[in-house]
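These protein sequence lines map, in sequence, to chains A and B.
Going by my numbering, the first residue of the first sequence is number 1110, and it counts up by one from there.
Going by my numbering, the first residue of the second sequence is number 1401, and it counts up by one from there.
Because the hints were derived from the structure by calculation, they are not lab data.
Treat the hints with care, as some may be off.
[To be verified] Distance windows between CB atoms, simulated: (1) B/Ile1422 x A/Pro1579: 37 to 47 Å; (2) B/Val1542 x A/Glu1188: 51 to 61 Å; (3) B/Leu1421 x A/Glu1300: 50 to 60 Å; (4) A/Pro1579 x B/Leu1421: 29 to 39 Å.
[What the hints assert, rightly or not] Over 12 Å on every C-beta distance to chain A, these chain B residues come out as not near it, computed from the model: (5) Ile1405; (6) Ile1438; (7) Ala1450; (8) Gly1470; (9) Thr1482; (10) Leu1557; (11) Pro1563; (12) Met1567; (13) Gly1656; (14) Trp1666; (15) Leu1669; (16) Tyr1674; (17) Val1707.
Every residue, glycine too, gets a C-beta built ideally from N, C-alpha and C.
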Amino acid sequence: MVAAGLAVTLALAACGGGGGGGGGNGDDQTLIIGIESEADVLDPQAAGGWVTWRINSQMYEPLVMHDLQTPSDEAAVPELRPGLAESWEISDDGLEYTFEIREDVTFHDGTDLDAEAVEYNIRRMWDESSPQYSATAAGQTNFVWQFVDEVESVDEHTLVVRMNQPFSPFLRMLAQGGNGSTGIISPTALEEHGEDIAEHPSGTGPFVFEERVRGERIALARNDDYWGEVPDLDGVIFVPIPDPAGRSAAIRSGEVDVIAVPSPDSVEQLVDEGFQLSDGQPPHVWYLSFNMEDEYMAIPEVRQAINLAIDREGMATNLLRGTAEPAYDIQAPANDAYVERTDAYGRDLDRARELLAEVGLEDGFSTSIATSVDGSGQIVPAPMAEFIQQNLAEVNIDVQIQTMEWISYLGRWGEGAGDVGMMQMSWGMDTPYWLYIVTSADMIAPNGPNTGYYDNPQLDAVMQRAITAPTEEEAVEFWQQANQIATDDAALAPIVNDRAPYILAPHVEGWVSASQEWYDLTGVSLDFEG
Amino acid sequence: MALMIARRLGSTVFVLFGVVLIVFLLLQLVPGDPARTILGAGATEDAVEAVRRELGLDQSVAVQFFSYLGGLLTGDFGRSLTINQPVLDIILPRFQNTLVLSFAALVLCIAIGVPLGIIAARKQYGIFDRVSMFVSLAGASVPVYWLGLMLIGIFSLQLGWFPTSGMTNPRSPGGGVTDNLVYLVLPAIAAASVPLAVIARMTRSVIVDTMEQDYIRTLRASGIPERSILWKHCLRNALPPIVTVIGLQIGYLLGGVIFVEVVFSWPGLGYQLYTSITQNDMPLVQAGVLFIALVFVIVNLLTDTAVGLLDPRTRRKVTA
C-alpha cells in the first residue's frame, strides 16, 4: 500500500508542479527575486501596491518615468525623465499638457505605440462613457485624472490633455506606481482580452511576460526589441516567499539572488555572511493620524507633546536596526518640499511635559492606537506601536494598542479613526501632493485617506495655491509652507522613513536603490566569476 | 453496506449546502470590504462605491447568496473578486498542490506510524517503546512552524540536501518527478509530524489493548505462535480504530498544512484560503472550503466503508 501511495504521490507531484513549463531559461543570467507576498493582478492600471508595481513596471511604462539609475544618496528626490512621451509642453496657464509620443516603440504584441493608443488607455482610466472604462482602474488612478477635462490625439504622435484647473503635481502623478499607476497597455491586447488582460500582459517595457504560476513564480524575459537600454539579464523571476525567515533561508541556500524586506534583525547577520545590502530612502513615511474628534487629540498641545515624546532615533536604531531613518518632516526626504523640523519631531520629554501641563494634563490620560500587524510596506507595525506606547508612558499617556490583520485594518482605516485616538499607516509619494491626500478637508474619511478628520482651512488654502501653481517648481514653495503649517499644528506624527533594504547575493551587480519604492533592472547583471 | 453508502451520499448534499450557507454568513461578519482591498489606502469613497457596483457587492446579501448558489448549481463557481479570474482556475491547481503535500505526508504517517506503534506495543515498556513514544509525543507537541524552520536549517542550509522553499525549481520548472520530489521531502516530514505521532500512539494503544483480550489468551494457551496471533488475529481486530484515526488525520492534514505551506512557501490551497479570507474574497473562500469539505466527506465515507469491510459488526449495525 505504501509503495502504491508513493507512486500516486509521485504521479501527482509530476503533474502538479510542472505548472505551464517555460519559465526561466536555466542559464546564469536569470535573476530570481524572493518577494514578500503574492503579487496582485498584472494589470498596471487596476493593480494596487508596490509589490505588484515592482513587477508591472518591468513590463509597462507610463508617459513620464523616474530616473531609477541614480542611487538615493546621489539624488534624494528621483528626477523625472521621459517615458513613452519623448517630450512635453505645458501651456502658460497650466491647463494644457501636450505630449509628444515616442515613434520608435512597439508593444510586446507587435502593436505600434501612437497617440491613439495612449488616449485609449487614458479613457479606460478616466472616461466613464468609453467601452473600455474600468471602475477599478479609474479608482486606482483617480488622483491622476481628477482634473482632466479632455484628452485628444491631435496627430499620430501628439496627445493633448486639457485640465479644468491647473494641477502642478500632474507629471509626477503620471510617474507614480502602486496605487495610481498609469502604465500603458497595448490597446490590441485590451480589445482582445478585456477583463483578462492581467493574464496576458502586453506593455512596452524592457521585459516581456513569460508565465505566471500563482503562488510559485512570475517569469519575465528580456525584450530584445526594447526602445531603451536593452537589459543585460536574460530574464527575471519573482518568487513569492511570504515568510521572512524563509526568504533569508532561500538566499542563503542560493535558490534566489535577491530578497526583498529582510527582517530587521537578519540584515546584519546576512551582511556578515558576505551578502550585499542595498537600501535607499524612498518616499515612505510610517506615521500616525490623530483623531481630531477625540477629546484629547483635538488639543494641539497634546498632539505636539506626543510628537516630542516619541523616540524616533531609538526606534530606528534599536528596534529597526538601521533599516529606517527617524522622520523629521511629514513629507519624506525623497520629496522636493521636505523641510527638516527636529524642533517638532526630535525627542524633548521636558517640553512635552510642559505642553501637557499647559492644558492641565500633567497627570496624563488614556488613549489608543489602532495598527495593522503586517501589510505591504508597513515594516513591523505592532512592535513599533509598542515602542511608542512605552515612549508615551514616560509622559503619563497610557496607550492601549488595537491590532488588526492588514486587509481588515485597511477597511477599518478607510472608514476613519472612529473611537480610537491614533491610527497608523505607512506610505508616501515623491510628489508633495501626498500631503493634500492625507490632510485636506476634501479627503476626510470615508471620502478619502484623511482618517483623522483633520480640517485646517489655512493649510487647505496654501495647498490649493500649490496645486494650482502652473508648474511643479512654482508649487514647491507653497508645499514647504504647507509642511510648516502641518508641523506647527501637529497634523500628523511622522515616525520613521523606511530605507527599503534589499539583500543581494555576492554575484548580483548593478543593482541600484534609488529614492523610490521600485527598481529599474536594466543595469543589473550576474557575475559568478568575480 | 450499499444502503449505508447511499445514505451517506445523500447527506453529503445537505452537508455541502450547510457549508456554503455557513461560510457565506460568516464571511459577512469579517471586517473589510473587497472593493477597498482592491483599491488600497488612497481610495476615495466614490471610487470604492463604483467598484462595489462593478463587482455586484451593492446587491443585498440574499440576492448575492442566491445568485452565487444558482451559479454553483450550474457548475459556475464565479470569479475571484480580487484576482479577477474564474475561481476554479485558481483553486484547482492550488488544491492539487495541497493534495500532493497531504498525500505524501499521509504515506509517511502510515509507513512509519503504524509499524512504529506495532513494534512499540510488542516491546511494551522496553527501551524501543519508551524512546519511540517519547519521540512521537515530542512530534505531536512541537509547533509545525518551528519544526519546519529546524528542518530547513539542518537539511537545506547545513547539509544542502533539499531546497528551502517552493515546489519547483524556478530556474528550470517542469524538471520532472525527481526535481519535484526533492521539494516535497521537507514539507511532507513537517506536515506528517503531528498525525504520525497520533497514529503511532493510537496503534500502540489499540494493539496493547487487543493483545490483552481473553481470546488472545485462549489462542496463546492453544499454542499458536505469537507472530501468528499478532498478524492474523490481533491486527484484524485492531485495524478498525486505526483506520478511523487515519481517516481523521487526513482531515487534519488537509486543514492543517497551511502552516507548512507558509513556512515552505508551498503554493497550496491553505495559504490561498488564508489570503482570500483576509481579502474577503467570497467566491474563492467558498470554493476552497467546499473542496476541503467535499474531500473530508469523501474520506469519511471511505473510512467508514473500510471499517465496515474490516468489521462485520459495523455493517450489521448500519443495515439493521
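Legend entry - Whether B/Met1567 stays farther than 12 Å from all C-beta atoms of chain A, as the label says: Since the minimum Cβ distance to chain A is about 5 Å, B/Met1567 lies within 12 Å and the statement is violated.
Legend entry - 12 Å cut-off, C-beta based - B/Ile1405 kept clear of every residue in chain A: holds, 22 Å
Legend entry - Outside-interface status for B/Gly1656 - nearest CB in chain A farther than 12 Å: holds, 17 Å
Legend entry - Status of the given 37 to 47 Å range, CB of A/Pro1579 versus CB of B/Ile1422: violated, 59 Å
Inset, instruction - With 12 Å as the threshold, tell me whether B/Tyr1674 passes as away from chain A on beta-carbon distances. - result: B/Tyr1674 not clear of chain A: closest Cβ-Cβ about 10 Å, inside 12 Å.
Inset, instruction - Hint says 51 to 61 Å; check whether the CB-CB distance for B/Val1542 and A/Glu1188 agrees. - result: Once the Cβ atoms are compared, 53 Å apart, the range 51 to 61 Å for A/Glu1188 and B/Val1542 holds.
Inset, instruction - Report holds if the minimum CB distance from B/Leu1557 to chain A is greater than 12 Å, and violated otherwise. - result: Given that some Cβ of chain A is not farther than 12 Å from that of B/Leu1557, nearest at about 6 Å, it is violated.
Legend entry - chain A versus B/Pro1563 - minimum CB to CB distance exceeding 12 Å, so not interface: With a cut-off of 12 Å, B/Pro1563 comes too close to chain A, as the shortest Cβ separation is near 6 Å.
Legend entry - Least C-beta distance from B/Thr1482 to chain A larger than 12 Å: violated, 8 Å
Inset, instruction - Against chain A, does B/Val1707 hold up as non-interface, every C-beta pair farther apart than 12 Å? - result: Holds: least Cβ distance 16 Å, greater than 12 Å.
Legend entry - 12 Å cut-off, C-beta based - B/Gly1470 kept clear of every residue in chain A: Holds, since 21 Å exceeds 12 Å.
Legend entry - Verdict for A/Pro1579, B/Leu1421 (Cβ pair) under range 29 to 39 Å: Cβ of A/Pro1579 to Cβ of B/Leu1421: about 59 Å, so the range 29 to 39 Å is violated.
Hints 1, 3, 4, 6, 7, 9, 10, 11, 12, 14, 15, 16 from the list above are not met by this structure, while the remaining hints are.
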